[in-house]
Every structure is written in structure tokens, then in C-alpha cells.
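A.B. asks: Sequence:
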Amino acid sequence: SSYNYSDMTPDGMRDFNLVNAMDLEEFELFGVATVYYPLNIAQENYDDVYRDLLSSKEFKEPIQLRTFFKVDESTEHGMSEIGVGQIAERNGNVWVNITKIENLLNRVPIVGDVVENNQLHQKFEIFKISKETHRIGRPIRYKLNVRLYQDTL
22 SSYNYSDMTP
32 DGMRDFNLVN
42 AMDLEEFELF
52 GVATVYYPLN
62 IAQENYDDVY
72 RDLLSSKEFK
82 EPIQLRTFFK
92 VDESTEHGMS
102 EIGVGQIAER
112 NGNVWVNITK
122 IENLLNRVPI
132 VGDVVENNQL
142 HQKFEIFKIS
152 KETHRIGRPI
162 RYKLNVRLYQ
172 DTL
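Residue numbering for the sequence shown follows our numbering, starting at 22 and increasing by one per position.
Calculated directly from the structure, the hints in this document are not laboratory data.
There could be a bad hint or two in this list.
No more than 25 Å apart at the CA atoms, straight line, and that leaves these computed lysine to any residue pairs for SDA-like [unchecked claim]:
no.: 1; residue 1: Lys164; residue 2: Asn112
no.: 2; residue 1: Lys78; residue 2: Glu137
no.: 3; residue 1: Lys78; residue 2: Ile157
no.: 4; residue 1: Lys121; residue 2: Asn38
no.: 5; residue 1: Lys144; residue 2: Leu60
no.: 6; residue 1: Lys164; residue 2: Ile131
My request is simple: use the sequences and hints to build the entire structure.
C.D. replies: The following block contains the structure:
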């Protein structure tokens with residue numbers, strides 16, 4: 022094949038924009054209504070030594086979008102390491118169009134952002150992000166690995 026997949030010419034961008042528009046339409050037709058809570062990365066309660074937040078996370082205004090949501094049916098229950106609280110683990114994956122989410126957030130998704138599925142009425146925290154579903158040589162979707170969000174407060 023002589024097609025240049027990293028072609029940034031107007032013709033190459035036209036092909037990518039067509040494929041991206043078709044992907045966005047697929048999300049609008051078959052996706053699940055999702056609320057995305059972007060983490061406020063300008064918080065002052067971040068501890069540089071422990072590389073963690075000193076208090077509860079702060080989120081910006083939530084964003085409405087449509088995603089593909091796949092969450093495990095089973096939930097694992099147990100006690101925390103020190104035996105003080107109960108832990109419920111539920112993992113899953115969320116797929117979202119790259120250009121849609123980056124335009125809504127004005128940044129890339131980050132670990133710590135929270136998504137809420139409107140059908141399950143549960144919040145899930147993002148713990149891993151990868152680019153997936155390549156079309157004409159470019160990724161068009163993020164795969165967000167999520168786990169049940171449990172606020173410590």
C-alpha cells in the first residue's frame with residue numbers, strides 16, 4: 022500500500038476527520054450517557070513528599086458525554102489492610118472519543134478523574150489510560166480503566 026498514514030496534508034486530515042465523525046456518531050447512537058468529573062489539578066492540598074492529596078479531591082464542573090461503558094458484574098468485598106473500613110472493588114473499562122473528550126476538557130484525561138454511569142448510578146475513578154482503536158494510522162479512542170470510586174471522607 023502506498024497510503025501514508027501519518028499524512029498531515031489537507032487530504033489526509035479530511036480522511037481522518039471523516040473517520041472521526043463516523044466514530045462520534047457511533048457514540049451518539051449507541052453510547053451510554055455519562056457524567057465526567059475532571060480533577061482540579063491546581064489544588065493546593067497536594068503533598069510533594071508523599072505524592073498524594075492531603076485531603077479529599079476537588080473536581081471542576083461535571084461534563085456530560087456519551088461513552089461505551091463495560092463494568093464487571095461482580096463486586097469483591099473485604100476489609101482494609103488495617104481493618105478499619107470496608108472495601109468494595111468493582112473494575113471496568115470506559116471508551117471515549119479522543120477529540121471529543123479533549124475538546125470538552127481542554128486537556129487530556131488524567132488518572133484520578135471520575136466518571137459516573139447514568140444507568141448504574143455509581144462513580145468510577147480512572148486509574149489507567151491508553152489510546153486504542155486505530156483508524157487510518159491514528160488512535161481515535163481512549164480506553165479508560167476504572168475502579169469503583171470510594172471517597173475517604
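A.B. asks: Please go over all the hints and tell whether each is borne out by the structure.
C.D. replies: Each hint, compared with the structure:
no. : hint            : in the structure
1   : Lys164 x Asn112 : 13 Å, holds
2   : Lys78 x Glu137  : 16 Å, holds
3   : Lys78 x Ile157  : 38 Å, violated
4   : Lys121 x Asn38  : 12 Å, holds
5   : Lys144 x Leu60  : 13 Å, holds
6   : Lys164 x Ile131 : 12 Å, holds
The structure does not agree with numbered hint 3 stated previously, though it agrees with all others.
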